[in-house]
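*Asks:* Going by this note's numbering, the first residue of the first sequence is number 1, and it counts up by one from there.
Just so you know, these hints were derived from the structure itself, not from any lab.
Any given hint could turn out to be false.
[Said to hold, decoys possible] List time: in silico DSS-like cross-link candidates among lysine-lysine, alpha-carbon distance up to 27 Å: (1) K284 to K84; (2) K264 to K46; (3) K175 to K127; (4) K282 to K236; (5) K146 to K158; (6) K87 to K131; (7) K175 to K134; (8) K281 to K223; (9) K158 to K282; (10) K282 to K84; (11) K207 to K46; (12) K294 to K207; (13) K200 to K214; (14) K255 to K46; (15) K231 to K255; (16) K207 to K58; (17) K207 to K223; (18) K236 to K126; (19) K127 to K146; (20) K264 to K81; (21) K160 to K81; (22) K74 to K87; (23) K46 to K258; (24) K3 to K25; (25) K264 to K274; (26) K282 to K202.
[Unchecked claim] Each pair of labels, with its calculated beta carbon distance range: (27) L299 to E130: 50 to 58 Å; (28) I79 to S211: 52 to 60 Å; (29) K24 to E138: 52 to 60 Å; (30) L147 to E91: 34 to 42 Å.
Cβ coordinates follow ideal geometry from the N, Cα and C atoms, glycine included.
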Amino acid sequence: MQKLLVILGPTASGKSTLAVELAKKLNGLHAQACEVISADSRQVYKGLDIGTGKITQKEMDGVVHHMLDVENPKNRFDITKYQKLAKQKIEEILSRGHLPIICGGTGFYISSIVNNLSFPPVPPNKKLREKLSKYSTETLFEKLEKLDPVRASSIDSKNKIRLIRALEIIQSIGKVPQNSNTECLSFDTLQIGIETSPEKLKENINKRLISRIKVGMIEEAEKLHNPPTGKGLSWKRMEELGLEYRYLAYYLQKKITKEEMITKLQTEIWHYAKRQMTWFKKDKRIKWFKIEEKDDIILLCKRAIS
RNA sequence: GCGCCGGUCGGAUAGCGGCUAUUCCAGGAGACUGUAAAUCUCCGGCCUUCGGGCAUCGUUGGUUCGAGUCCAACCCGGCGCA
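Using the sequences and the hints given, assemble the complete structure.
*Replies:* In structure tokens, the structure reads:
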């Protein structure tokens, strides 16, 4: 079975740097070279660079990266697009005789590859979503209970987004299919998790935020909203992108001060990191290492790919 | 020193004398199959056999069947006047 390496961890844990280092160390071992596939739901967008902490050409240091800048931020990217594109990239990498390294913090995206998730073939129906979003969560849940009691029994009854999605599937194919991930996995995967103490992680988050501002994150957001040519991102869309872009949008609209933006972002990014950890903790296959334990990581990877 | 205002969870805040002391934030735990940096849920004084039990609104007294709420004194903070 084809080998696949995954580097994951919460935001600001040092994944990207590690992935490059690892790629270089592993080059030439049972693979001519390694190529990195990003698994980040925001770095897929063009122009979201500083705010997402997208790796620069220089930092890539010659290691090929994929799944960055593959979508216009005006459009909504989603997991099926990710899965399709990423799988394609993996195939290409393998056909070159190279080793794919998935690196990122979007657990759901990683899972779509690693667990070979299959999604119901129902594309988003914008009109229906708009219509349904006018109803209250209670009403939506009642509808779902009537149409698909099985899905209703397990769904998060207060989560509007999920309720609407479930109803969307029902409208198209009658029922929400049970998840069927029993089919065999496509890859022989080693998942490496970077674990960081809460104190260290908070420190990293705060430092990184300040330095992002220094290197022009605010200007980046301004430019996204108001580019030199053409129409920019609406504030609404920018807020939807979350974290940095959301609070940057608030700040640029003068809804909050710069100080409020910074303090708020520090806690919001921390909350995000915790949510990521909640997700990752469930997967017992992940091997956890501290970022300092590079040699152990390299050793384990070498053994895994040989 | 006098006058006024205020003291309720880590912070902020609600609370006509009556039922289970409210909400927000921070903090903690968790969910997640086409928005996932999104979205959503739970916990939150102590004890618990998970049914509940015992507390608690600066302190001490008092009024009252009943006090976070009324009264008095004291303590603390803010403002004003000296």
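*Asks:* Taking the hints in turn, state whether each one holds.
*Replies:* Now for the hints, and whether the structure bears them out:
{"no.": "1", "hint": "K284 to K84", "verdict": "holds (25 Å)"}
{"no.": "2", "hint": "K264 to K46", "verdict": "holds (25 Å)"}
{"no.": "3", "hint": "K175 to K127", "verdict": "holds (19 Å)"}
{"no.": "4", "hint": "K282 to K236", "verdict": "violated (33 Å)"}
{"no.": "5", "hint": "K146 to K158", "verdict": "holds (16 Å)"}
{"no.": "6", "hint": "K87 to K131", "verdict": "violated (34 Å)"}
{"no.": "7", "hint": "K175 to K134", "verdict": "holds (22 Å)"}
{"no.": "8", "hint": "K281 to K223", "verdict": "violated (38 Å)"}
{"no.": "9", "hint": "K158 to K282", "verdict": "holds (23 Å)"}
{"no.": "10", "hint": "K282 to K84", "verdict": "holds (24 Å)"}
{"no.": "11", "hint": "K207 to K46", "verdict": "holds (25 Å)"}
{"no.": "12", "hint": "K294 to K207", "verdict": "holds (23 Å)"}
{"no.": "13", "hint": "K200 to K214", "verdict": "holds (21 Å)"}
{"no.": "14", "hint": "K255 to K46", "verdict": "holds (26 Å)"}
{"no.": "15", "hint": "K231 to K255", "verdict": "holds (22 Å)"}
{"no.": "16", "hint": "K207 to K58", "verdict": "holds (21 Å)"}
{"no.": "17", "hint": "K207 to K223", "verdict": "holds (24 Å)"}
{"no.": "18", "hint": "K236 to K126", "verdict": "holds (16 Å)"}
{"no.": "19", "hint": "K127 to K146", "verdict": "holds (22 Å)"}
{"no.": "20", "hint": "K264 to K81", "verdict": "violated (31 Å)"}
{"no.": "21", "hint": "K160 to K81", "verdict": "holds (22 Å)"}
{"no.": "22", "hint": "K74 to K87", "verdict": "holds (24 Å)"}
{"no.": "23", "hint": "K46 to K258", "verdict": "holds (25 Å)"}
{"no.": "24", "hint": "K3 to K25", "verdict": "holds (16 Å)"}
{"no.": "25", "hint": "K264 to K274", "verdict": "holds (15 Å)"}
{"no.": "26", "hint": "K282 to K202", "verdict": "holds (22 Å)"}
{"no.": "27", "hint": "L299 to E130: 50 to 58 Å", "verdict": "holds (53 Å)"}
{"no.": "28", "hint": "I79 to S211: 52 to 60 Å", "verdict": "violated (30 Å)"}
{"no.": "29", "hint": "K24 to E138: 52 to 60 Å", "verdict": "holds (55 Å)"}
{"no.": "30", "hint": "L147 to E91: 34 to 42 Å", "verdict": "holds (38 Å)"}
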